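S.K.: This is what each chain is made of:
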Amino acid sequence: MTPGKGTSTAADPRFFTCAGPFDGAALASAAGAELLDRKDGGVAPQGGYTSIAPLQAAGGTDVSFLDNRRYAPLLDDTRAGLVIVAPAFVARVPSHCAALVTATPYLAWSRVARLFHPRPAAQPGVHPTASIAPTAKVDATAQIGAFVVVGDRAEIGAGSLVDAHTVIGDGVVLGQDCRIGSHVSITHALVGDRVTILPGARIGQDGFGFAVGPAGFESVPQLGRVLLEDDVEIGANSTIDRGSVNDTVIGAGSRLDNLVQIGHNARLGRCCIVVSQAGISGSTVLEDYVTVAAQAGLIGHIRIGTKARIGAQCGVMSDVESGADVIGSPAMPFREFFRNVAVLRKLSKKGSGSAQDDSGKA
Amino acid sequence: MTPGKGTSTAADPRFFTCAGPFDGAALASAAGAELLDRKDGGVAPQGGYTSIAPLQAAGGTDVSFLDNRRYAPLLDDTRAGLVIVAPAFVARVPSHCAALVTATPYLAWSRVARLFHPRPAAQPGVHPTASIAPTAKVDATAQIGAFVVVGDRAEIGAGSLVDAHTVIGDGVVLGQDCRIGSHVSITHALVGDRVTILPGARIGQDGFGFAVGPAGFESVPQLGRVLLEDDVEIGANSTIDRGSVNDTVIGAGSRLDNLVQIGHNARLGRCCIVVSQAGISGSTVLEDYVTVAAQAGLIGHIRIGTKARIGAQCGVMSDVESGADVIGSPAMPFREFFRNVAVLRKLSKKGSGSAQDDSGKA
Amino acid sequence: MTPGKGTSTAADPRFFTCAGPFDGAALASAAGAELLDRKDGGVAPQGGYTSIAPLQAAGGTDVSFLDNRRYAPLLDDTRAGLVIVAPAFVARVPSHCAALVTATPYLAWSRVARLFHPRPAAQPGVHPTASIAPTAKVDATAQIGAFVVVGDRAEIGAGSLVDAHTVIGDGVVLGQDCRIGSHVSITHALVGDRVTILPGARIGQDGFGFAVGPAGFESVPQLGRVLLEDDVEIGANSTIDRGSVNDTVIGAGSRLDNLVQIGHNARLGRCCIVVSQAGISGSTVLEDYVTVAAQAGLIGHIRIGTKARIGAQCGVMSDVESGADVIGSPAMPFREFFRNVAVLRKLSKKGSGSAQDDSGKA
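Protein chains in written order, with my numbering: chain A, 1439 to 1800; chain B, 1439 to 1800; chain C, 1439 to 1800.
What the hints contain is simulated information worked out from the structure, not anything from laboratory work.
Source: prediction; values computed, not measured.
No false leads were mixed into what you were given.
The list cannot tell twin chains apart, which means a pair is met if one copy fits it or any two copies do.
Dumping the calculated SDA-like pairs for lysine to any residue here, alpha-carbon to alpha-carbon at most 20 Å:
(1) Lys-1575 <-> Arg-1452
(2) Lys-1745 <-> Glu-1656
(3) Lys-1784 <-> Glu-1774
(4) Lys-1745 <-> Pro-1652
(5) Lys-1477 <-> Ala-1510
(6) Lys-1784 <-> Arg-1773
(7) Lys-1788 <-> Arg-1773
(8) Lys-1477 <-> Val-1528
(9) Lys-1745 <-> Phe-1655
(10) Lys-1575 <-> Val-1611
For reference, chain A alone in the conformation it holds in the complex (with noise of 0.2 Å):
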């Protein structure tokens, strides 16, 4: 079997409810956009556009998109109703595709995907099979999935959805309209609201602290919290310890990606973006807007400051001034890395014939 085959490829009727019709005019506005009318004077559906799909599965009823000028020749090719393009793209739109046209595409795909497929609700009320504790205090209009785990008073703020098989420690507050997946744990933390936490994170562990004592190490108590401010997101199977004396904060707005290491008492600003499989050692500091690329690690007791940027797999081992981009192990400016990939790379083909006997052993 080759799953899916002959299906739909976005939008699948199985999996996402679709809100759509819309016509042109109704999405222009949900997407800030100027739509511009098909160049060969053909008209738009009846009845409007019923849902969106990629350019190269798109048809006449489907709204799409080009955002990255790699996929440029897709426009080209598209039987897509109407796409939402950069005005540098107009010119490429095919004549039978009306056009959204705004300086922002990603953002107004963003926002028409979303019109034509919101976000579910919270159903409120409690699945029979969960095991709430009779002091925790849960919100009547939040949603609570099957097997979950509400400990002593605990509390679930209103809007809230949390799925299947998920564990809210004893003391854990959760704020209101969060979207907690299923299989989460979460003890020793404080949640703001619109808080999205992907399955399987584990947020309020103990951290990773012993001392050496004389018959072998002893672990330091770990008394802090984790704090996650308000729109913060986690992703899948990320793990942020809670903090030893201090706590672990990550700032609002800020979100994280799968299988991320966050260490007890690191401190997140603002919107801060950390991507999948890098992480932060404890009591690292990360000012606001800091971006933390795929596989990058930070040692702990530094200091990254305002909108720097960490490339993927770089190894910082010391403070980052605001606005830096760094990448390497060890870290250094992005000029520089590249600059020594180059002379490397002309060395050694220059000395390529007395350094060949070498080559083998490392």
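Following the hints, put chains B and C in place on chain A, whose structure we already have.
M.R.: Frame of chain A, contents of chains B and C only:
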């Protein structure tokens, strides 16, 4: 307590059932190997061989094997009754051992081990604690474990086993003879036949996609699916995000190890291998038979050609040609990488006097 | 909402019980430290010290500590009543603070913190929602949480705590006084005493082993076990595969952080440390007291000598001698690595004019 002290180290009957004993001819047949009698003229064990064991622990009724020449000294000292070896090692087989000789000893070993210890069949039935939606279709021959959740309209195929605490989301389709471990979550996915997913894997959650809006990041709806084709295996705690507008696809026969990250819209071809802690970013394409070694990272929107091999910890920032071997960060051909290492070592030794002043600053 | 604003940041009573107050003599005794009175002649707080807090948040009844000289300026400004410091910092202790002086302030802090906030004891009993096989042996003093599954013939020792949603597989043996977090899966494993496993760890699943057959990959049966010796700690969402034919062994007292991968048949000695996101491939051996820093990767079938230290992001492709310090990918001695960095920087600066043309191509 030292757990396991003094107990058997392979196929412990606490954990594994045994289908033996088998005689040499049956094992040779299963292995597709040639049976060589003991050089000392001794006879095979009365009643057949009873189990498998590593060279250093095997006794006279055990079957063992040598696949890695690094461990050849263990062959000299083994007390196994029967050993599986390549032709090159026949001369080194002790005289009290019979041998199964084959050009593919590891494959032969695999089949012999499977003969002794077959994979447990699914025990048809639904555990009384499972929560199955009335509209779900669970085949009568499937096995559903404790506290499993199966959502609306989900389908579980014949002979499939879903272990304890796993959540199968609304509309998910699971084929025949699948093995889904405990604590797995699968949403927005179509899964083929004979697919194996180890505990804690996360399949089908939202990809990492957001646009920058006037008030901060705005989540881009993730409206694709995950397609796992036939015979795919996914490791423990790995994460596979669903597509944003296209699908995320894992091609037939591909195998992913533990803690692997697959971004939205990525497409892997047939029989790819992705080793633990590697990450493949969104919209990247792997053609067939690609190998990605441990902790390697691939940026998004690139293409890796058929049979290319990406080395451990490699950082791939651009397309890789079919059949190429690359390593390093940024990725380069194996030969170039090790030549660079050698050149730098030579330069560093030569200049070590003058460079030492800087050596502590990095 | 900014969660936690205005609340205490250490030992929040929502999450931690407090066994205090204690007077200075009791704390000095627990800490194994010398008590120094306030330099200003002031008296200790009436009724004793009540809790612990970080230097910057502590008040007059709190105990705090300085371990990292980076934070010494916080000592100057602290309002703590009692501080734990090394002899070198006694002169810098503010005159209104008493002091506990010791050569090992972090260990002393650990013991004082534990005195105030002891680890909660197991509450004997099985949660009514747990699913315990009739043939399992659960000690009467063990605590079994909600929705826990304990398989056939599994054994749970005295005083052990198994948190909600954890699955203990058939035949697994768990020793005394263990702490197993929520959402853990343990199969094919023997576990010693006082072992701690944090949420979401995966212990004992199939290793990544397959042979190439005529019709694609064939799984090699994984017939070994996982042995976790006494006092081992395993981090959140880490994965430890069972052996294929030998066992996978984690030696007594070893500590693994979050998101660590341990391949099949790997053997760690006593008191090894493996920091987050590091990976150890199959059949590799770590002798005793080895440290593997964050995101390091070790290939399979190598041996790391006693007390060797593997740096962060290091890529280890061959054996490492006892006591060696290595870093880089491929691994090399620390001195060589930083000398290489310095040499390359120097060359790159010298040649930056001619090399700039290449710098954007990599």
